[in-house]
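S.K.: Here are the chains, one letter per residue:
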Amino acid sequence: MQRTQAMTSVQPDWENFHPRPISEKIPYFSRDGRLYDCLFAQQLNRELLEHLFKTATALKAITRKKDGADHVGNLLSDKRAMLYFVQPSTRTFMSFLNACHILGIKTSEIRDTSTSSEVKGETPEDTVRTFSSYVDMIIMRHPAPGFVEKTAWLMNRTGRPVPIVNGGSGKDQHPTQALLDAYTLYRSFDGELDNKHIVMVGDLKRGRTVRSLSYLMKNYKGVSLSFVSPKEFRMETDILDFLKRHNIPFQETEDFKGVMKTADAIYMTRIQDEHDKSGESKAVDYSPFYFKQEHLKLIKKTCVILHPLPRRHEIEVSVDDDPRAVFWRQERNGMWARAALLAYIFGVDGKIK
Amino acid sequence: MQRTQAMTSVQPDWENFHPRPISEKIPYFSRDGRLYDCLFAQQLNRELLEHLFKTATALKAITRKKDGADHVGNLLSDKRAMLYFVQPSTRTFMSFLNACHILGIKTSEIRDTSTSSEVKGETPEDTVRTFSSYVDMIIMRHPAPGFVEKTAWLMNRTGRPVPIVNGGSGKDQHPTQALLDAYTLYRSFDGELDNKHIVMVGDLKRGRTVRSLSYLMKNYKGVSLSFVSPKEFRMETDILDFLKRHNIPFQETEDFKGVMKTADAIYMTRIQDEHDKSGESKAVDYSPFYFKQEHLKLIKKTCVILHPLPRRHEIEVSVDDDPRAVFWRQERNGMWARAALLAYIFGVDGKIK
Amino acid sequence: MQRTQAMTSVQPDWENFHPRPISEKIPYFSRDGRLYDCLFAQQLNRELLEHLFKTATALKAITRKKDGADHVGNLLSDKRAMLYFVQPSTRTFMSFLNACHILGIKTSEIRDTSTSSEVKGETPEDTVRTFSSYVDMIIMRHPAPGFVEKTAWLMNRTGRPVPIVNGGSGKDQHPTQALLDAYTLYRSFDGELDNKHIVMVGDLKRGRTVRSLSYLMKNYKGVSLSFVSPKEFRMETDILDFLKRHNIPFQETEDFKGVMKTADAIYMTRIQDEHDKSGESKAVDYSPFYFKQEHLKLIKKTCVILHPLPRRHEIEVSVDDDPRAVFWRQERNGMWARAALLAYIFGVDGKIK
Numbered sequence: 001m002q003r004t005q006a007m008t009s010v011q012p013d014w015e016n017f018h019p020r021p022i023s024e025k026i027p028y029f030s031r032d033g034r035l036y037d038c039l040f041a042q043q044l045n046r047e048l049l050e051h052l053f054k055t056a057t058a059l060k061a062i063t064r065k066k067d068g069a070d071h072v073g074n075l076l077s078d079k080r081a082m083l084y085f086v087q088p089s090t091r092t093f094m095s096f097l098n099a100c101h102i103l104g105i106k107t108s109e110i111r112d113t114s115t116s117s118e119v120k121g122e123t124p125e126d127t128v129r130t131f132s133s134y135v136d137m138i139i140m141r142h143p144a145p146g147f148v149e150k151t152a153w154l155m156n157r158t159g160r161p162v163p164i165v166n167g168g169s170g171k172d173q174h175p176t177q178a179l180l181d182a183y184t185l186y187r188s189f190d191g192e193l194d195n196k197h198i199v200m201v202g203d204l205k206r207g208r209t210v211r212s213l214s215y216l217m218k219n220y221k222g223v224s225l226s227f228v229s230p231k232e233f234r235m236e237t238d239i240l241d242f243l244k245r246h247n248i249p250f251q252e253t254e255d256f257k258g259v260m261k262t263a264d265a266i267y268m269t270r271i272q273d274e275h276d277k278s279g280e281s282k283a284v285d286y287s288p289f290y291f292k293q294e295h296l297k298l299i300k301k302t303c304v305i306l307h308p309l310p311r312r313h314e315i316e317v318s319v320d321d322d323p324r325a326v327f328w329r330q331e332r333n334g335m336w337a338r339a340a341l342l343a344y345i346f347g348v349d350g351k352i353k
Numbered sequence: 001m002q003r004t005q006a007m008t009s010v011q012p013d014w015e016n017f018h019p020r021p022i023s024e025k026i027p028y029f030s031r032d033g034r035l036y037d038c039l040f041a042q043q044l045n046r047e048l049l050e051h052l053f054k055t056a057t058a059l060k061a062i063t064r065k066k067d068g069a070d071h072v073g074n075l076l077s078d079k080r081a082m083l084y085f086v087q088p089s090t091r092t093f094m095s096f097l098n099a100c101h102i103l104g105i106k107t108s109e110i111r112d113t114s115t116s117s118e119v120k121g122e123t124p125e126d127t128v129r130t131f132s133s134y135v136d137m138i139i140m141r142h143p144a145p146g147f148v149e150k151t152a153w154l155m156n157r158t159g160r161p162v163p164i165v166n167g168g169s170g171k172d173q174h175p176t177q178a179l180l181d182a183y184t185l186y187r188s189f190d191g192e193l194d195n196k197h198i199v200m201v202g203d204l205k206r207g208r209t210v211r212s213l214s215y216l217m218k219n220y221k222g223v224s225l226s227f228v229s230p231k232e233f234r235m236e237t238d239i240l241d242f243l244k245r246h247n248i249p250f251q252e253t254e255d256f257k258g259v260m261k262t263a264d265a266i267y268m269t270r271i272q273d274e275h276d277k278s279g280e281s282k283a284v285d286y287s288p289f290y291f292k293q294e295h296l297k298l299i300k301k302t303c304v305i306l307h308p309l310p311r312r313h314e315i316e317v318s319v320d321d322d323p324r325a326v327f328w329r330q331e332r333n334g335m336w337a338r339a340a341l342l343a344y345i346f347g348v349d350g351k352i353k
Numbered sequence: 001m002q003r004t005q006a007m008t009s010v011q012p013d014w015e016n017f018h019p020r021p022i023s024e025k026i027p028y029f030s031r032d033g034r035l036y037d038c039l040f041a042q043q044l045n046r047e048l049l050e051h052l053f054k055t056a057t058a059l060k061a062i063t064r065k066k067d068g069a070d071h072v073g074n075l076l077s078d079k080r081a082m083l084y085f086v087q088p089s090t091r092t093f094m095s096f097l098n099a100c101h102i103l104g105i106k107t108s109e110i111r112d113t114s115t116s117s118e119v120k121g122e123t124p125e126d127t128v129r130t131f132s133s134y135v136d137m138i139i140m141r142h143p144a145p146g147f148v149e150k151t152a153w154l155m156n157r158t159g160r161p162v163p164i165v166n167g168g169s170g171k172d173q174h175p176t177q178a179l180l181d182a183y184t185l186y187r188s189f190d191g192e193l194d195n196k197h198i199v200m201v202g203d204l205k206r207g208r209t210v211r212s213l214s215y216l217m218k219n220y221k222g223v224s225l226s227f228v229s230p231k232e233f234r235m236e237t238d239i240l241d242f243l244k245r246h247n248i249p250f251q252e253t254e255d256f257k258g259v260m261k262t263a264d265a266i267y268m269t270r271i272q273d274e275h276d277k278s279g280e281s282k283a284v285d286y287s288p289f290y291f292k293q294e295h296l297k298l299i300k301k302t303c304v305i306l307h308p309l310p311r312r313h314e315i316e317v318s319v320d321d322d323p324r325a326v327f328w329r330q331e332r333n334g335m336w337a338r339a340a341l342l343a344y345i346f347g348v349d350g351k352i353k
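Chains as they are written, first to last, in this note's numbering: chain A, 1 to 353; chain B, 1 to 353; chain C, 1 to 353.
Excised from the complex, chain A in its bound form (with noise of 0.2 Å):
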């Protein structure tokens, strides 16, 4: 990848940057007409979505073989990655992580700020642009709202910048935990992603996954959702108003069993309760948004059951074996989808067929 001149004469101070509508802020992340940082699921239009699809599912195919896997782990063998997450989450982590080794990208791991040099008195932005130093992409992973976007609009100012994928940031933005929903739908779905019905359940307000596939949504024709979830957990009004905005039909609703029967899809959701204020979840009953075993007989034959995991008990461990629960398989889908887009970034996904 050929390294861009800096962007510090055109780019405006982060204070008057932050606040923009994030139509407005994704040229500051792109290179060449490539997306290049990515932050924010909207950044993700069809058509680089479906390029990603198709990359993830060439990616999969070619590595079955050892001659394949040592093609692909060899395109990006001159990179190192940082994984940056102060923000626990072995899972996403795990997943980068492997596809990161699956490209051949080299990577080191900062899973803790306690052995950083944070102790020290360091800004957190001089800390990151120390790793940066080092490496030729950061995977970012932390608590605070708009600290991974910050990050790379500060990367952007200096005379080296280098590629930060996002993570997971606050409760806001996890644009990979789309991509691999997305691509999980459209392989369960034999690449048509247009007219289906999606139903969203379980705590909405604080789920970062069903809010970023939402916006994910309005790539595609005819989509309808509906939205089943207990009163204190409804989906949020800024997605509502993007949906209206974008002409997508939904519902909200707490009949689960009422719109279960017409889904194409199901993305269940736990209680996100790692986000309660003074433990409010405990107060909810849960139990009406859970799928289970005797389900498996109201829905479409062709319906399919998505999840983001961890699981607690929204999904009957028994539902697993049955063809149509796919979130086994949407996890190992993130590691394809997250390979993919690393291998766009760098430029190399043209070697990938």
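I should point out that these hints are in silico values taken from the structure, not numbers from a laboratory.
Be aware that one or more of the hints could be misleading.
[What the hints assert, rightly or not] Which chain A residues face chain B? A few, computed with CB under 10 Å, are given here:
1. A69
2. V72
3. E236
4. L309
5. R311
6. Y344
[Claimed, not checked] BS3-like, lysine-lysine: derived pairs with alpha carbons at most 30 Å apart:
7. C:K65 <-> A:K60
8. C:K353 <-> B:K65
9. B:K150 <-> A:K292
10. A:K300 <-> A:K231
11. A:K60 <-> A:K301
12. A:K65 <-> B:K54
13. C:K218 <-> C:K231
Where a beta carbon is used, it is the ideal one built from N, C-alpha and C, also for glycine.
Since the structure of chain A is already known, use the hints to place chains B and C on it.
M.R.: Below, chains B and C without anything else, positioned relative to chain A:
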């Protein structure tokens, strides 16, 4: 390695499966007549042991030169392993990690459950299944007895099993330690393990290594064992019964000096006070079970001294310089024996010669 | 690298060895006229420094293209290094780790003693010897002064030594920091380090980096030093005596503005309050030892500003955009200089050009 069908249809429930004798369980952890999951020392029969010993020795020789090391380092370049070590064990961890690196296997690590999503209320089974999504093998150490076996059993029920290697499970099984101990004896005796007098010394009751090694002894002819321990830490009766069933002569004694003179190998162990219930180890005088500089002149010229390490005071440091002290080589043999095992499981052992 | 015989016969006991002057100890840490263990800044003479600088610069240039990066990344593909960092230091750790990856060295990590088997009562010497079993090199950072040297001394008594590289030992030695500082001066001055006026600023008493860099200055002609610090944190007399012995002119002052005008390089440091005994740093007014935006117009057009990082407030962030601020490049130089050192120790430096 060709992936085999899930065994869902033929595999009994865990509650029914787990209590069976190990000999009955072995077929469930094999594929095409080969060990697939390495869980129990009892899976390592004489033929397999000899094969692994030869492979380990070949690995060591071939990798001495760079082109040999590069050949070996490319054998499994398409594979990814996860080291899931939720019980502290830097030694075994490092040994396996470097064994992977020798073969070109890419690695990812869980060394602490606190970063795991277990905190989000996931079952351990789901956690392990998640991790298996990203990799081709899990090497696992876990404090709960039976957990590693259960993982392998569970994996084999899914549509995408990966081999599970036991890196130490509860206080019951640690098969690769037995493998490396036997390999060290094999190397020390120039390949001739029959007709030896093996003396095991120390905390035999709670020492996983001496237990596993005792099991392996049934593979050899004319072996006799001496168990030297304080009366509080005598070898457990399950092992003694096993030896009786297989007609392996043994004696129990507190007279270390008396038996060391005829020993072909002395296997030293430390007191395992981490398993104390209420500091009972402190009441035991362990010093009669130390190997001291002065003992070097009592033992045979060909006798070798082993220790699984770490040591405390069981072996005087000045003993290290004697050529019969092989415990440092034993440490290193562990890495090679483990590399041989991994190569065997992935079916590339035939390419190491 | 041909393995050399253990030095047991010729090497004196630690108690006798340790107090000797470093110049006498250097031969014990060399092999075939080459540095083998990198422990002290004093081991880096001018000839070796120049050679490492050239190697570092070549590494940087060659790896810009993928085929060059792959060539370099294959030079040490048969080697494994352990990074044993039991003192927190993400920065130095990451720099070394990525230096290893550039050369294809496989890495394993100890970043925390709590996972180590030190908990089982093992001596630190046994622990390190164990780790050395698995690898071809140990890169070590340790809080105890002399521990890294003792490890190298101990390794050299065994039959299977591996080179030990000091990544920071107590508050006394940090030779690769000195190496990278000198390399940054070398790059900034186009290879001409003689006849320069170097100004060191801040907590000179407890700053390992300024101490090590001062030692290196004896390698250059006509260098003069200015030490600018609050009186509480003046440079220690052992360094001042060293400079006198080598006829290197220096001055001590609190007048930062006065000396900066004639500086060719200004080396800024932060207050090292982690070494405070009882919060004494808080009583010191450190602000006269800050480099501010307004100073940029006072210094020479060719003067460069260094800082070992992390910084607090010693350098105003707006200074970063000035081309004379080279501390971010310095950070990156560290990785290349360390890669050059590792390549040299393993004897593949001749293949980098």
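S.K.: Next step is simple, just say for each hint if it's right about the structure.
M.R.: Structure-based check of each hint:
no.	hint	verdict
1	A69	holds (3 Å)
2	V72	holds (9 Å)
3	E236	violated (21 Å)
4	L309	holds (6 Å)
5	R311	holds (7 Å)
6	Y344	violated (20 Å)
7	C:K65 <-> A:K60	holds (27 Å)
8	C:K353 <-> B:K65	holds (23 Å)
9	B:K150 <-> A:K292	holds (25 Å)
10	A:K300 <-> A:K231	holds (26 Å)
11	A:K60 <-> A:K301	holds (26 Å)
12	A:K65 <-> B:K54	holds (28 Å)
13	C:K218 <-> C:K231	holds (25 Å)
The earlier numbered hints that this structure contradicts are 3 and 6.
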